[in-house]
Amino acid sequence: MRILVCCKQVAEPESLLLDQQGRPDPGVPARPKLAEWDARALEEALVLKESHPGVEVWAVTVGPAEADAVLQRALGMGADQAAHIIASDDPPSRPSGIAAWLAEFARGRGFDLILCGVMSEDAMQGLVGPMLAEVLDLPCATGAVSLALSPDNTGVRVEREMEGGRRQAVELPLPALVTVGASPRQPRYPSLSHLLRAKKAPRLRIEAQNLAQTPTREERRGLSLPQRQRAGLRLAGGSAEKAAQLRAILEERSLL
Amino acid sequence: MSPETVVPPEGGRVVAVLERGPAGLAPVSLELAAGAKLLAEWLGLEARLVVLGDQPEELARQAAASGLPVMAVRVPGLTGFSGEVYRQVLAELLPRWRTAVLLAGHTTSGLDWLPGLAGRLDAACVSGVEGMRLAEGRLVLRRATMHGKLVEEIAPRAWPLCLTLQPGALASRVTTGNAPGAVEIIETAQPELRTKVEDLPGEANADAALSQAQVVVAAGLGVGGPENLELLRRLAARFPNSALAGSRPVCDLGWLPYRQQVGLTGATVNPRLYIACGISGARQHTVGMQGSGFIVAISHDPQAAIFNLADVCVVDDLPAFLQAFLDLI
Ligand SMILES: Cc1cc2nc3c(=O)[nH]c(=O)nc-3n(C[C@H](O)[C@H](O)[C@H](O)COP(=O)(O)OP(=O)(O)OC[C@H]3O[C@@H](n4cnc5c(N)ncnc54)[C@H](O)[C@@H]3O)c2cc1C
Ligand SMILES: Nc1ncnc2c1ncn2[C@@H]1O[C@H](COP(=O)(O)O)[C@@H](O)[C@H]1O
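Protein sequences appear in the order of chains A and B.
Residue 540 is where the first sequence starts when you use the working numbering, and the numbers rise one by one after that.
Residue 1143 is where the second sequence starts when you use the working numbering, and the numbers rise one by one after that.
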């Protein structure tokens, strides 16, 4: 059985420093990382691999040359194969385009299960997974918090979480696509032996420009810093001074 | 349609697909109706609402209170939610209705059925819309990106346009006391399905003390470890009628039980005072606490998204600040 995990590289949120115009500070490059829910999806795939003989796990990313780091991470965590669809991320590709490229890569490679994150940690769109399922005409479930193969390995049963903690079980025949959400399994750390292998492991590299291009149906008109919804008073000084100011504010409002 | 068309086709419709909550229409449904009304007015189109279900009449009646016409689609056997059913049924109906704009909630169900359908309809698609405006006759949608640290504005270049609306975004636009819109019942057959869906018995996941507390002290990953929760417990103890809560990852790690989780998949709270300790401010968290009376946020990331909805922002190391604050009160 072959499992494909779609892995996006994102900037570590705390390392992302923006100027007044919302541009990243060129002096302090953001630290890249594997997006949170993609890491969880990969963890689920690796757990399936460990508990079922003959499971092979692939990781694929769409991004610039530097995005190879997420493939390294995925291989380090235990993925068997890695593929890189090389595309510039400035401006970021639209979800329908990414889905089309991933579909072109996945088609004919015999993936029984494709896993995505429920949404990418930075862009938070939640679109690429279900759009990919549509292009490949696969049954799809989103926001899985757990997933298990059926006893005869012909289907997958997922539990998806909905508003207010309500849950739903969905059974899908394979091949299928599942997006993984707030699953409670913590993604494992890469192991040293896997990392050593990852450095040398070959990657399948594909130039996005050689794949089919979808029309751009949405156009980004601008980026800006969010507007404050409330006063957003910033306290100044050391910890003790800020603590004193906060006490005064809460007392004034009879909250303390 | 040409990808360069900036105005929607004449005679098209704005269609909002409403959502069922645990009791009747989900709150986001009223905002979807408000959004449909607004878009129809701006784009010179007609608006209508859609509800789906085995017995859609009651939901349709509630939806009609928005004043808009409602299509109640009866799907035999659809008692809960099924993304596949929504996709199949709507893929038939939407083109027939000449849908130019399709709205759904940015929720676990809207995000389940809408993106695939957008693909099938070759539609423009924007999710997590938090605001919209007309700029020189063009529709421009606003959404958060880059971990909530930036806002992007996106204009559709093709129609239909499919969008998911962030709950809370249009709360101020909801109107009441309208003359009810007409309800039309549409009979459909149960579509052929590949997936099987079963609603699981729900856990009572919100702590009663949490929803009733006047002061909520909430822990995020920034607390660093379960040992530091003691500082938050001591802080909570200084306020009468207070409760300790946590973000999702804090509950995933077992530092707090799930019934103390605030957010989309946890509890919604509206205390007089919410103290967010080491919480970055992801939308899935803030939808559960944005209605709080007064919000104090503490994080050492000066650009954490939580600061955009805080009344008071404290940029500091959490344990150091809490210790200093506890020494004073
Ligand atoms: C389908 C779905 C449903 C979800 N439902 C929920 C939900 O109901 N509730 C929920 O909360 N989340 C939910 N999430 C998860 C959500 O998207 C975020 O991942 C989560 O809210 C982040 O939690 P956090 O703020 O505690 O952690 P982080 O995002 O890691 O933020 C930690 C913050 O603490 C700061 N910090 C770190 N160290 C320190 C220090 N020493 N001193 C001061 N500050 C520090 C950091 O700068 C950062 O601002 C859901 C996600 C999905 C996909
Ligand atoms: N550039 C990318 N490379 C690989 N996978 C991606 C990429 N962008 C999105 N995905 C996958 O699609 C999911 C949803 O992304 P999004 O629609 O951007 O929120 C992510 O969690 C990934 O699994």
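Treat the hints with care, since some could be wrong.
[As the list claims (entries may be wrong)] Distance condition first, Cα-Cα at most 20 Å in a straight line; then the derived DMTMM-like pairs of lysine to aspartate or glutamate:
1) K1338/B x E710/A
2) K572/A x E643/A
3) K1338/B x D691/A
4) K572/A x E1200/B
5) K1338/B x D628/A
6) K572/A x E595/A
7) K588/A x D691/A
8) K1338/B x E605/A
Hint data in this document are derived by calculation from the structure and do not stem from the laboratory.
Because the structure is a prediction, the values reported are computed rather than measured.
Status of each hint after checking the structure:
1. K1338/B x E710/A: holds, 5 Å
2. K572/A x E643/A: violated, 25 Å
3. K1338/B x D691/A: holds, 17 Å
4. K572/A x E1200/B: violated, 48 Å
5. K1338/B x D628/A: violated, 38 Å
6. K572/A x E595/A: violated, 23 Å
7. K588/A x D691/A: holds, 15 Å
8. K1338/B x E605/A: violated, 41 Å
Checked against the numbered hints given earlier, this structure breaks hints 2, 4, 5, 6 and 8; the rest are met.
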